[in-house]
Amino acid sequence: MADPRELMERYVDGDARAFRELYALVAPRLLGYLMKMAKSRALADDLLQQTFFKVHRARSAYVRGADPVPWIYAIAHRTFIDEIRKKQRAVVNVAEGDEVPEVSAGLTGEADGVREEVADPELTAAVMRALEDLPTGQREAVVLTKLDGKSVAEAAAIAGTTVGAMKVRAHRGYEALRKLLGARKRGAA
Amino acid sequence: MSDILDHLGAIKPPTPAPLSAALEAELGKLAPVKPRRPLRELGALLGISLVYGAGLVAMFTVRGDLRELPMPWLLAAGLAWLLGFVVPCYLALVPPRGSMQPRWHLAAACAAVSSIGFVVLGLLVHPSGAHSKYIGWEHIPRGHGCLELGVLSAMVPVVIGALFLRRALPVGARWVAAALGAGGGCLGGLVLHLHCPVTDAPHVGLVHGGVVVVSALLSAALVTRTTEP
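Those protein sequences? They're chains L and Y, same order as listed. So that you can map any letter, position 8 of the first sequence is 8 in the working numbering, and since no number is skipped, the others follow by simple counting. So that you can map any letter, position 209 of the second sequence is 209 in the working numbering, and since no number is skipped, the others follow by simple counting.
Just chain L, with the same shape it has in the complex (with noise of 0.2 Å):
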């Protein structure tokens, strides 16, 4: 696999090859983590191609041998958190009987209708309807430590806080999943 620094350092360097490169290499598990935040698709979709233009416009930012992940997961977490806000100081008018397509996000983070299949896949559907309910800052602490496999300092420099609240958000996060859905289990018995 190819290492995101060396391609971080062609692309600086002026070679568009390797920008691709590194969105083939980044984008996968970056659209799965948008996608489990914004709970769309299409914005995730969307919160995507922002990231990785804000990170193209940003490229001069890069210092020699870094790691260029982290930043271009913090830049994806900036630019849903204004995401949400834009949205919530937006006033959306629709007219009766105007209808908004929506595509919603399948289990694997493929749109339905392309899902791919899964080792169980109520159990996995009960985990990620419980997700969505939990507040953001914790559905972040466990999609990032927990479902992305970032360690707690990871995660922390990725959402802008510190190590400690990120253990916390990611405990408590974890624990209301758990009961979310032990809720969930007495609710379908």
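Source of the hints: derived by calculation from the structure; they are not laboratory data. Idealized CB from N, CA, C, for every residue including glycine. Do not rely on the hints blindly, as some may be mistaken.
Derived lysine-lysine pairs resembling PhoX-like cross-links, with alpha carbons at most 20 Å apart [as the list claims (entries may be wrong)]: (1) L/LYS167 <-> L/LYS179; (2) L/LYS86 <-> L/LYS54; (3) L/LYS39 <-> L/LYS86; (4) L/LYS39 <-> L/LYS87; (5) Y/LYS12 <-> L/LYS54; (6) Y/LYS34 <-> L/LYS54; (7) L/LYS39 <-> Y/LYS29.
Using C-beta positions, here's what the derived DEER-type ranges look like [claimed, not checked]: (8) L/ALA42 <-> Y/ILE140: 55 to 61 Å; (9) L/GLU175 <-> Y/GLY136: 54 to 60 Å; (10) Y/GLY55 <-> L/GLU132: 56 to 62 Å; (11) L/ARG17 <-> Y/ARG225: 30 to 36 Å; (12) L/ALA24 <-> Y/ARG37: 27 to 33 Å; (13) Y/ARG67 <-> L/ARG85: 53 to 59 Å.
In silico contact screen, one side only, chain L against chain Y (beta carbon under 8 Å); selected entries [claimed, not checked]: (14) ASP45; (15) LEU48; (16) ARG64; (17) PRO68.
Given the coordinates of chain L, assemble chain Y onto it according to the supplied hints.
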């Protein structure tokens, strides 16, 4: 529970859409850019700012009571202001090895400590000489000249730092900006330490120390716009 999360984490990630037309167009005219060199940038920021600060002291004259003040205090206070300038700028500009993002939480702590520390130190320790001046609590607004000179001194390192950190900070930008402001404010404090002969507690503490607070707040409010990608 952790098994389910492990299973979820192991699921193949989704396939992203191809690059947008806008990005493709940008890649079509891709040119090499110079990446950041943080230590070199720090050196440039410190060098230019210190020359600028020395120029301000020369222009506004060295304080008249300089030779009458206790030398250990004069040196210790000067060194403290200098460290207050260098350390936050270092933390704001230089990321740890292998990382692109500076240690913003340490920079934030440094900005807070220097902002509070210099106000408290100024209120507690302020020796005077025969030619020192005293304006006291009742005339403290007359210190606005020192505040302006201090903030003017802080502007150069803050602007240089903001240019070096342009679009580099997706997170922690406000804290890094505050650290830059606090560092710049300490340069202002150093300039005032060498220029201003007023030695009463409220002036040294609240005005000279206040330069650090004001610069940190102004920088945090304004610089963030340029440092976020």
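Hints violated by the structure (listed by number, smallest first): Violated: hints 5, 7.
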